Amino acid sequence: MTTMSDPQQGSFRLSMLLNDTRYRSYTFQFIALVLLIALMAFLGVNLMRNLAEAGLNISYDFLGVPAGYDINQTLIDYNSQSSNLRAAMVGIINTLLVAFLACLTATVIGVIAGVARLSKNWLVSKLMSVYVEIFRNIPVLIWILMIYTLMTAVLPAPNAFRGDNATSSMLFDAFAFTNRGVYIPAPVWGPGSMMVVATFILSIIAVVFYRRYAVKLLFETGKLLPTGWPTLAILIVPTLLMFFIMGSPIGLDLPALKGFNFRGGIQIGAPLIALWLALSVYTGAFIAENVRAGIQAIPKGQTEAAASLGLRPKRVMNLVILPQALRVIIPPLISQYLNITKNSSLAIAVGYADITATLGGITLNQTGRAIECVLLLMLFYLTISLSISAIMNVYNKNVSLKER
Amino acid sequence: AATLDDVKARGKLNCGVTTGLVGFAAPNANGEWEGFDVAVCRAVAAAVLGDPKAVEFVPTTGKTRFTALASGEIDFLARNTTWTFSRDVDLKFDFIGVNYYDGQGFMVPKSLGVSSAKDLDGATVCIQTGTTTELNLADFFRSNNISYEPVPIETNAEGQQQYLAGACDTYTTDASGLASTRATFENPGDHVILPEIISKEPLGPLVRHGDNDWGDVTRWVLYALIAAEELGVTSANVEEMSMNTTNPEVARLLGSEGTLGEMLGLDAGWAKNAIASQGNYGEIFAKNIGEETPIGLARGLNAQWTDGGLMYAPPFR
Amino acid sequence: MSDTHAQTVTYVRDTMLPQAAPPSTAQGPVKWLRESLFSSIPYTILTIAALYVIYVLLSGFLPWLLGGVWTTSNIRECREVLDGAAGGCFSVLAERWNQLLFGISYPQDGYWRPTLAFVLLFVAVAPVLFSNLPRQLLIVTALYPFIAFWLIWGGSLLVPVSALLSIVIGYVVYGKLVKTSFAAGLAGGVIAAAVVWFVLSMMTPSLSGVLALEEVASRNMGGFMLNMILGVVCVSLSLPLGILLALGRQSSLPIIKMICVVFIEFIRGVPLITLLFVANVVLAYFLPPGTSFDLILRVIIMITMFASAYIAEVIRGGLAALPRGQYEGAESLGLDYAQSMRLIILPQALKISIPGIVNVAVGLFKDTTLVSIISMFDLVGMIRGPILASTDWNGVYWELWGFAALLFFIVCYGISQYSQWLERQLQTDHH
Amino acid sequence: MAEQAKALQVSDEVAISIQGMNKWYGTFHVLRDIDLTVYRGERIVIAGPSGSGKSTLIRCINALEEHQKGLIEVDGTVLSSDVKNIDKIRSEVGMCFQHFNLFPHLTILENCTLAPIWVRKTPKKEAEEIAMHFLEKVKIPDQADKYPGQLSGGQQQRVAIARSLCMRPRIMLFDEPTSALDPEMIKEVLDTMVELAEEGMTMLCVTHEMGFARQVANRVIFMDEGQIVEQNEPEEFFNNPQSPRTQLFLSQILGH
Amino acid sequence: MAEQAKALQVSDEVAISIQGMNKWYGTFHVLRDIDLTVYRGERIVIAGPSGSGKSTLIRCINALEEHQKGLIEVDGTVLSSDVKNIDKIRSEVGMCFQHFNLFPHLTILENCTLAPIWVRKTPKKEAEEIAMHFLEKVKIPDQADKYPGQLSGGQQQRVAIARSLCMRPRIMLFDEPTSALDPEMIKEVLDTMVELAEEGMTMLCVTHEMGFARQVANRVIFMDEGQIVEQNEPEEFFNNPQSPRTQLFLSQILGH
Ligand SMILES: Nc1ncnc2c1ncn2[C@@H]1O[C@H](COP(=O)(O)OP(=O)(O)OP(=O)(O)O)[C@@H](O)[C@H]1O
Ligand SMILES: Nc1ncnc2c1ncn2[C@@H]1O[C@H](COP(=O)(O)OP(=O)(O)OP(=O)(O)O)[C@@H](O)[C@H]1O
Ligand SMILES: NC(=O)CC[C@H](N)C(=O)O
Ligand SMILES: [Mg+2]
Ligand SMILES: [Mg+2]
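Protein chains in written order, with the numbering used here: chain A, 1 to 404; chain B, 405 to 721; chain C, 722 to 1152; chain D, 1153 to 1408; chain E, 1409 to 1664.
Quick caveat, the hints were computed from the structure, so don't treat them as lab data. Accuracy of the hints is not assured; some may be wrong.
Computed footprint of chain C on chain A, listed as stretches where at least three residues anywhere in the stretch have a Cβ under 8 Å from a Cβ of chain C [unchecked claim]: (1) 32-41; (2) 46-57; (3) 66-79; (4) 115-124; (5) 296-305; (6) 361-371.
No farther apart than 30 Å at their CA atoms in a straight line, the calculated lysine-lysine pairs in the DSSO-like style are these [stated by the list, open to error]: (7) A:K216 x D:K1298; (8) B:K691 x B:K514; (9) B:K496 x B:K412; (10) D:K1291 x A:K300; (11) D:K1240 x A:K300; (12) D:K1277 x D:K1236; (13) E:K1492 x E:K1532; (14) A:K300 x D:K1339; (15) D:K1276 x D:K1298; (16) E:K1545 x E:K1595; (17) A:K314 x C:K752; (18) E:K1529 x C:K897; (19) A:K223 x A:K314; (20) A:K216 x D:K1273.
Please read these numbers as outputs of a predicted model, since none were measured by experiment. Every residue gets a Cβ at the ideal spot worked out from N, C-alpha and C, and that includes glycine.
Please construct the entire structure, taking both the sequences and the accompanying hints into account.
Below is the structure:
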């Protein structure tokens, strides 16, 4: 393609850099680029000089060196002789763990609260508004600290369970709520337990197929099978049968007070619970708002049209309102998930060993590798948030309503 | 990078202390900082600026203290910090001396019935992160082949809270820290400090590596305080001693003879000011953490070498 | 009664019926109760459950609140007074009131200064928030930063006055030159302001005693005041930055666009905490050796960057909502880029964006509590640190946390109510 | 065509019977003592000024609104708060809204088969055949796989009509089905409705299209202030209105 | 009146000269070898089917779009990529859009004074006088302090015309100025344009209002597929179109 032919072509004057639309965009960009490079150079040179002056250097060798500290809640093998890299891995997994748990519960809380806020029951809807307003208008850090205080200052210490005149007792002899965390029974996998698990997984698959089949049957013959109780039955009966056939291979490891602490079972530490609960209720309040807005964004006419076709309220919800509302709800929901992940970095306030607390906290401190640690930390969060927004873009492309 | 000049120009010394450890550094009800570490800061300010009140106290946690010093936010860190190889060499700091020889201990409630740290198998331990004690703890339990659960905390205040609430069975830090923490309890008698001392913790003030002039100033202020005790100079008699002393070392120290102050880039009365405002090492110890105080620490290793302790100031000559 | 039939359909009403009162089941409290609380069995169960929840919450909360003790000087006395009865030790609030609001090291006889600045804040933001107030009040808004700076940080009044003077002169010069070219105006204005500032700052030290308040260093700011300062300063600073970023991101120049996109996405991708770590531990490495900002300044820089990225996204939404015709209309009249942005596009885009900006501001204000994690003594830091650590008040959690929560709730709820009001306002007044 | 529609037989069988029906919104008395009997095959146009309660009346008939007093009987079923009855009535009565209210997330075909499948339990295949049948009737079978957002207003309204018809209702209610449309599209929709009328569907239609009323209605009902003020055959109604209100209303509408 | 407008003298001076102009959108060739000379005082109507490039042509003249080949000369200034030239041309050429594009946050008066003040550097007072003058001309001086949102479409379009006139352009471009308006309002706007024409303003107007073309234009240009297919005097053009495309187009438009 030719450029705009104009008579002055060839006779290039300096003023054209500013006045000619062809060049001036390059001029501005060039200036911006130069400024950017200058800034980078300035920061870089300073960094070099400062490091040289302090006799430091940038090196990631510390990642391979034993970390030297212990972490209380780890999902992978870790001890004080493991490397700093391993400690960072523990942190990453813990971040993902708490973020995952919080996303799950926040969604549940948010959906319930959001729907309840639209309830015709005045009391319930007012109660939910109060919940939403209170929780989203108070900083999440205060919530985390409050719930943590609630855990540590109000729940009994393990030794309150001790002795003949114990002031606290376990729930069903299986659950213990202490100020160090909550202890729940852990499953013990005996021989043959794999069969039971496999049966259970198969039942889940069967349920999915059953439900699909029900819809298919409806489509083909117009017969509507019940889905409620068969689902339950398929889930429970075969697994239970298999459990007894195999001779009860799965036992429970109940927590019991031994020495200073409860032993056995699964321990969910107080910091994890505080963080998890606080993030859930805080973000739940935001999600409730998103859910409410999403449902309200669907015009009343949709409900009326569906109702006047004879669809029952439950079907109206499932077939007409929800599919539309979800398109509105899911994008903000995903950015709430992102917020949860980012806010989980407040773990550091309660001593939960997430990535900020291990890599950005203890490792940074014990090794003094501030720049390296902060850089790695940012890289981690950036990776997560970029992947989530990539997913979101794909979703948005796929669900956008077809328009003329 | 001449910290001394900066401090003089600014007219204030920026001194890093803990966020609150009674007896070592804590604000009183009026918001004024007091304590053993605080006194060292004030002595440096008195020596350099002639005014013990010309100090900005910057509260730091175990984690933030080193970055505060490295970034220049503070000129001087007096925060019961242990002198270790890696801090000196790898983190590029200079410890100017030791003002308290300490070791790491454990505190447990009496009711727990524990009498030795080796009985702590399976215990939950409150531990300040970013400290040497965190690393020692891991080593101690590993070498004794027993297990524990760490509860990481940021500040002594939090540790105290958790410990009292029973969220941890035992609290471990420098023995001096334990004593001072216990002193603030409602019933200090219900808690015991276990006999094992699991590490050496020589606590001392530190400055950035590389500024030797500033390092010298602060180092010799600290030694002046120690030497003063050895030489019998106290806040009460310092004025008089500087006038008429027969001991030439005292005269050099207090600036009535020689040019030690000038060599440091300070005025002649530098040490006199420091001692006059804060007292000598012994006075400072007694006033803040000594046996007369609720904290009640004995001099022990921190006695003068003449009394069988480790406090030993090089000669002022 | 009509006797309509297919064959004889004609019907004419000769007397109109008057309005009648509805049956009692269709009106009044009975209907309300029936419809909103007990319309069906599950609803009734829900209602009862909700009532129970309310009862449980109130029965725990009210005695604590009403039976509280306000006048003891430490927790032991308080417990003695309470003697096992339910009640809170609110005396901690009374006793530490000033520390909670102003931190530990703000001069005690100067508390009126931030208080006054706080009160003036309302006067200053009112004309921005409510467009029906007299426009003259905007002068107060323009002067506010200088007054507030002087009140809070102290020092001679001449410092803010000369800053104000140089900005005014710079603006006058800009106004003169901008008609010829925006770039010339901007450059001229900045240079003039700098010259005036330089000249005046040569003179002010000699007059430092004039109208001076006691100087207070930034690091002595604390308590809720610190949260307010950080919130207000960072939001106001991040607005212009956010506008620039948004314009940059909308720009057709690929390099400028890319720079803005990378900046915005980077900032939005990392938690504020890591940025605060940067402020706290690594920023100093990137500054020329020897410069030492104090921590507050570094924190303000990072929070401002953080907020501006979010505000940029809000404003970008506002820009995108404007029809293309507005740009073309401006262009066809011969306005250049700077003029059309300033006169046509931004006034409209910003107006649409206000609710979003307010939401960012609320979020940011809540996030100022994060500075307590890098051991600054804001309200949360005060509580976690000095107050809970003190022997006097060790163990009074709920009163303190409740107080902090209440303060934040009042401010944030107030602002979000405002933003909802504004949204309704904007919805109704598209002419 | 008009003549043909008019000539259709109206049976004696009662399709809808409303007796002494009253409705309040809060304390506002919207519908006052409505008595109305609609016979099978009748085509009734309801007219009246804005706010006179036309929509409310129609919506009460298929229980989108609750009435507080009086009796509504549709096809022999009395409308009570019993869910079964409501379901029965709704499957007898189709409704067409001013704003179409198509489901934007479903294709045209899915819009039309949704209710037959889930309510009538018609096998999908069959439902689709029926749907295509009615889509052909409203002349847009080729749009079956598009989404509502991709159609013009007139096409959307015709889909809405087809959607109702797929439930094979015996009575159709229309609430101003053309008032949201551009003039060209109005014709498309009215044509469809005329065809329906010709097939003998019982219809209640709120509309201001007087041409339509003249052409197909066998009764015009005029409402004001929540009451039926006048009803008559279209010719009579337009040429010889009795009540002064009707006269005023007609003068405004026709003069326009 | 029409006769009067037509009778106006067309000078020999060239106002706009376009030679061999081509434009592409990406690879799509929108304008192909356009040659057009407009004399001062001429009133040209551009017609053609949708997508034929009429808007694009007009927008190229005041550089809202860039052309890639050929020469455009307005009032002796060659349109190049030089910002100075573009500014000069834009201040000579006024433009009126289909959707008015008034600035909703400014009053009518401010809309009109904005460009004179900021571009022409006219003192505010003077600018306001000029503005009022032109607002009187378009017959809405009393609306000066209202906001655009408070005016009807026809009034808005007249304000848009006044706004352009305030820059005292020597040439006015109109891009379908009446097609977003209700029929009653079209007349208001056309009247204003006729008046302008009577005063001898050089005008290029994209419109399908053939009445307007007949009344005021002294040349009608027909475009199709980015090319000028036919141009002629209005009488000839309408009564005796030459090209088959024009014939087809006219038959559609006039038959409508
Ligand atoms: N949900 C509601 N709550 C309170 N009042 C209502 C409600 N819906 C309608 N109304 C009132 O009831 C009256 C009758 O409304 P309706 O919609 O039936 O009138 P209409 O005759 O259909 O008018 P239009 O021709 O404007 O559609 C109106 O005055 C209206 O304001
Ligand atoms: N920004 C653009 N990018 C790509 N193609 C475009 C763009 N703008 C217009 N077009 C295409 O250029 C062609 C000419 O457009 P133009 O708007 O000039 O037509 P027009 O004659 O004004 O039609 P109408 O009467 O519909 O306004 C059309 O096919 C259009 O699709
Ligand atoms: N407890 C402390 O704050 C200090 C611990 C230890 N002395 C250290 O320097 O790491
Ligand atoms: Mg209606
Ligand atoms: Mg066009």
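Results of checking the hints against the structure:
no.: 1; hint: 32-41; verdict: holds (count 3)
no.: 2; hint: 46-57; verdict: holds (count 6)
no.: 3; hint: 66-79; verdict: violated (count 0)
no.: 4; hint: 115-124; verdict: holds (count 6)
no.: 5; hint: 296-305; verdict: violated (count 0)
no.: 6; hint: 361-371; verdict: holds (count 3)
no.: 7; hint: A:K216 x D:K1298; verdict: holds, 23 Å
no.: 8; hint: B:K691 x B:K514; verdict: holds, 28 Å
no.: 9; hint: B:K496 x B:K412; verdict: holds, 24 Å
no.: 10; hint: D:K1291 x A:K300; verdict: holds, 28 Å
no.: 11; hint: D:K1240 x A:K300; verdict: holds, 22 Å
no.: 12; hint: D:K1277 x D:K1236; verdict: holds, 27 Å
no.: 13; hint: E:K1492 x E:K1532; verdict: holds, 24 Å
no.: 14; hint: A:K300 x D:K1339; verdict: holds, 27 Å
no.: 15; hint: D:K1276 x D:K1298; verdict: holds, 18 Å
no.: 16; hint: E:K1545 x E:K1595; verdict: holds, 15 Å
no.: 17; hint: A:K314 x C:K752; verdict: holds, 25 Å
no.: 18; hint: E:K1529 x C:K897; verdict: holds, 12 Å
no.: 19; hint: A:K223 x A:K314; verdict: holds, 18 Å
no.: 20; hint: A:K216 x D:K1273; verdict: holds, 12 Å
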